[in-house]
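> Got chain A sorted already, so can you dock chain B onto it with the hints?
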Amino acid sequence: MASTERTIEDRLREEYFDLLPDIRRVTEQLDAEIRYHLLPVSKGLDRHERLVITSRIKECESALQKLRGDREGATFDPDRAELYSLTSLKDLAGVRVLAFPRARLSEIDLILRKAYDGWEPDPFKEESAGLAFKYWGYRDSSARVKGEYQIVSVLTGLFWNVEHSVMYKPHAQLAFVSGHLGMKQRTSEVLQALHAFEEQFEVVLRKAQST
Amino acid sequence: MRTLDTKQQILDDAGFSYNFDRKIYLNRERRKIFSVEFIEDHDEKALEECIREDTGGKKWRFYFNEEPSESVKREIEAVLG
Chain A
1 MASTERTIED RLREEYFDLL PDIRRVTEQL DAEIRYHLLP VSKGLDRHER LVITSRIKEC
61 ESALQKLRGD REGATFDPDR AELYSLTSLK DLAGVRVLAF PRARLSEIDL ILRKAYDGWE
121 PDPFKEESAG LAFKYWGYRD SSARVKGEYQ IVSVLTGLFW NVEHSVMYKP HAQLAFVSGH
181 LGMKQRTSEV LQALHAFEEQ FEVVLRKAQS T
Chain B
212 MRTLDTKQQI LDDAGFSYNF DRKIYLNRER RKIFSVEFIE DHDEKALEEC IREDTGGKKW
272 RFYFNEEPSE SVKREIEAVL G
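Chains A and B, in that order, are what the protein sequence lines are. Numbers 1 to 211, taken from our numbering, label the letters of the first sequence in order. Numbers 212 to 292, taken from our numbering, label the letters of the second sequence in order.
Be careful, since some hints might not be right.
Simulated coverage check for chain A against chain B, where a stretch passes if three residues somewhere in it have a Cβ under 8 Å from a Cβ of chain B [said to hold, decoys possible]:
#	region
1	70-76
2	173-179
List time: in silico DSSO-like cross-link candidates among lysine-lysine, alpha-carbon distance up to 30 Å [as the list claims (entries may be wrong)]:
#	chain 1	residue 1	chain 2	residue 2
3	B	Lys-270	B	Lys-284
4	A	Lys-114	A	Lys-134
5	A	Lys-114	A	Lys-43
6	A	Lys-90	B	Lys-270
7	A	Lys-90	A	Lys-58
8	B	Lys-284	A	Lys-66
Facing chain A, a subset of chain B residues (Cβ under 8 Å, in silico) [as the list claims (entries may be wrong)]:
#	residue
9	Asp-216
10	Lys-218
11	Phe-231
12	Arg-233
13	Leu-237
14	Glu-240
15	Ser-246
16	Val-247
17	His-253
18	Glu-260
19	Cys-261
20	Pro-279
21	Ser-280
22	Ile-287
23	Leu-291
Treat the hints as calculated values from the structure; they're not laboratory data. Since the structure is predicted, the reported quantities are computational estimates derived from the model, not experimental observations. All residues carry an ideal CB built from backbone N, CA and C; glycine is no exception.
Extracted from the complex, chain A is given alone in its bound form (with noise of 0.2 Å):
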């Protein structure tokens, strides 16, 4: 009788649906220490400052789609199926603070730091990501799962979002498009504007507030 052999892809989502429980817990968990740790921060926001938390549980075919992605060709190599593991990702279960203006991210990172000592650092590859702050580790709800937070600019995390959800999340196969070194490009400068705008916003908001 003739065997069908699994795809690597076929063992990474069966998984998937295994770890789901402990992605839930990690994600539920984040979300609400890290909403408790800001509540001082959110409770002392003047009018025109910004502070926004949202959580994610990475979905199945993105988490494989990150893992295959991180590899040179975005390859996996059948003859080291053993090596993948989604137990790698470090942003399995996701917590994004948005802030601004952007001396709040600081502040926030300070706290957060505090709360979260042991965790690893895990910079931002983008440079025009411009004053980011992003961390991976554990929490007592699961120590096969990590968890990540990421601080960044109100404008820059909005931009994110779009990006992800207008690009890249209805295709599948437009998955990898942030490769292309014209799309890094028009990114990066995306990305500088908005700092720009945010720069000179909070320079306006200054000038209002000491006249």
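Relative to chain A, chain B alone:
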């Protein structure tokens, strides 16, 4: 970051296209494949030298930071058809 545009132009001029599924630039006539990581980690001069390099043009030549295994090469070649 402007160098990204320059490198993209070099690849365009040499007839390379981007493969959205594998994060590679390839030219079927030249039988050459560049990973995005390799392109980012090498300057324009090195990129042009690789494009000019005579590889015989029979087998695919992979320009990766880390030489891919034979099984990975086979996978990519199978995807390219």
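> State for each hint whether it applies.
Hint by hint, here is what the structure shows:
no. : hint                  : in the structure
1   : 70-76                 : holds (count 5)
2   : 173-179               : holds (count 6)
3   : B:Lys-270 x B:Lys-284 : 11 Å, holds
4   : A:Lys-114 x A:Lys-134 : 14 Å, holds
5   : A:Lys-114 x A:Lys-43  : 19 Å, holds
6   : A:Lys-90 x B:Lys-270  : 37 Å, violated
7   : A:Lys-90 x A:Lys-58   : 10 Å, holds
8   : B:Lys-284 x A:Lys-66  : 20 Å, holds
9   : Asp-216               : 5 Å, holds
10  : Lys-218               : 6 Å, holds
11  : Phe-231               : 5 Å, holds
12  : Arg-233               : 5 Å, holds
13  : Leu-237               : 11 Å, violated
14  : Glu-240               : 20 Å, violated
15  : Ser-246               : 5 Å, holds
16  : Val-247               : 4 Å, holds
17  : His-253               : 13 Å, violated
18  : Glu-260               : 18 Å, violated
19  : Cys-261               : 15 Å, violated
20  : Pro-279               : 6 Å, holds
21  : Ser-280               : 5 Å, holds
22  : Ile-287               : 6 Å, holds
23  : Leu-291               : 11 Å, violated
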